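Engineer: Sequence:
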Amino acid sequence: GLVGESGCGKTTVANAILGLVPKESGDIIFDGEPIPNKFSRILRQKIQIVFQDPDASLNPRMKVVNIIAEPLKNLLGITKGDELRRRVLKLLEEVSLKREHMDRYPHEFSGGQKQRIIIARALASNPELIILDEPTSALDVSVQAQILNLLKALQKTYGYGFLFITHNLAVVNHIADRVAVMYLGKFVEIGKTEQIFSKPTHPYTIALLESRTELDPTNKEIRFVIKGEVPSPIAPPPGCTFNPRCVSDAKTKECMRETPHRIEIEEGHYIWCLNPPVSMQGDISLSSNESDTDVLEN
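The sequence shown begins at 1 in the UniProt record's numbering and counts up by one.
Just so you know, not all the hints are guaranteed correct.
Keeping only pairs whose Cα atoms sit at most 30 Å apart, straight-line, the calculated DSS-like set for lysine-lysine is [to be verified]:
hint, residue 1, residue 2
1, K251, K186
2, K227, K253
3, K192, K227
4, K90, K63
5, K152, K186
Derived CB-CB ranges, DEER-like [unchecked claim]:
hint, residue 1, residue 2, range
6, A250, K90, 51 to 57 Å
7, D31, R99, 33 to 39 Å
8, I29, E267, 19 to 25 Å
None of these hints come from the bench; they were simulated from the model. It should be emphasised that the depicted structure is a prediction, and the values quoted were computed from it without experimental measurement. Each residue gets a CB set at the ideal place from its N, CA and C atoms; glycine is no exception.
Turn these sequences into a full structure, and let the hints guide you.
Structural biologist: Dropping the structure here:
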């Protein structure tokens, strides 16, 4: 799962993986190899994406059978009509749609059904990684639950790898095994889902999680409240980019000058911070100077 406020760079990460935006530095490792700047046909087969808005992702002039058949023809080389229809039907059944839906147009479906069609299209090439960019945010709450349960069932059955991008912490807690928290284009905390939700350590992560609490004037347990707006990524503040909004009890002038370093909280759990909250300092240790890529691969 990849979480953070709007504008923090989550979708840019997805676009960089897909080769839609150039990388200024570093590598994105997939299957043990750096992803090249030019996306190959093989990579298009292995990596698929489900976008946020189902209406913007479907060609209104194409029938469902042709929409789902596109990757079968272009990536797998299947051209026979009978074979295409057979495979499309199987994919529709995987997402709980029926044969009668094959020859309909997108405008004939509900939002949840459209998202199921997009998921079926993403599954068509039998990918290893599916990027899910806010796939439920445009749907009603009841439909969101149905789509999430469908994704979990598909992952359990076929072992797909998901990169789930969202600002909804409840959703990522429900579906993700590991979580990366982003702020202004940089990772601030990475760990297993239970580590992030039971022992958040970076002030930004703590504030995000505590923002889920219902407003209660008698609740004295909220330690961190995010104030102000996200700075411009074009002109970020010096030092730690979170320092203008940070209310940590350990914040110092150093936070306004120095770049945060990586700190290991426990195995597989890391934060990028100069002065972690005092309440957390007894549980942490400085880690070696490994790159962000190394952390994501662990």
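Engineer: Are the hints correct? Go through all of them and say.
Structural biologist: Going through the hints against the structure:
1. With a C-alpha separation of about 19 Å, the suggested pair K251 and K186 falls inside the 30 Å cut-off, and the hint holds.
2. Distance restraint check for K227 and K253: the Cα-Cα separation of roughly 18 Å lies within the 30 Å cut-off, and the hinted pair is therefore satisfied.
3. Note on K192 and K227: the hinted pairing holds, with a Cα-Cα distance of about 27 Å set against a maximum of 30 Å.
4. For the proposed pair K90 and K63, the alpha carbon gap of about 16 Å is at most 30 Å, so the pair holds.
5. Distance restraint check for K152 and K186: the Cα-Cα separation of roughly 28 Å lies within the 30 Å cut-off, and the hinted pair is therefore satisfied.
6. Distance hint check: the CB atoms of A250 and K90 are about 55 Å apart, consistent with the given range 51 to 57 Å.
7. Distance hint check for D31 and R99: the Cβ-Cβ separation is about 35 Å, which falls inside the suggested range of 33 to 39 Å.
8. The hinted window of 19 to 25 Å between I29 and E267 holds, with their beta carbons roughly 20 Å apart.
Hint compliance for this structure: every hint is met.
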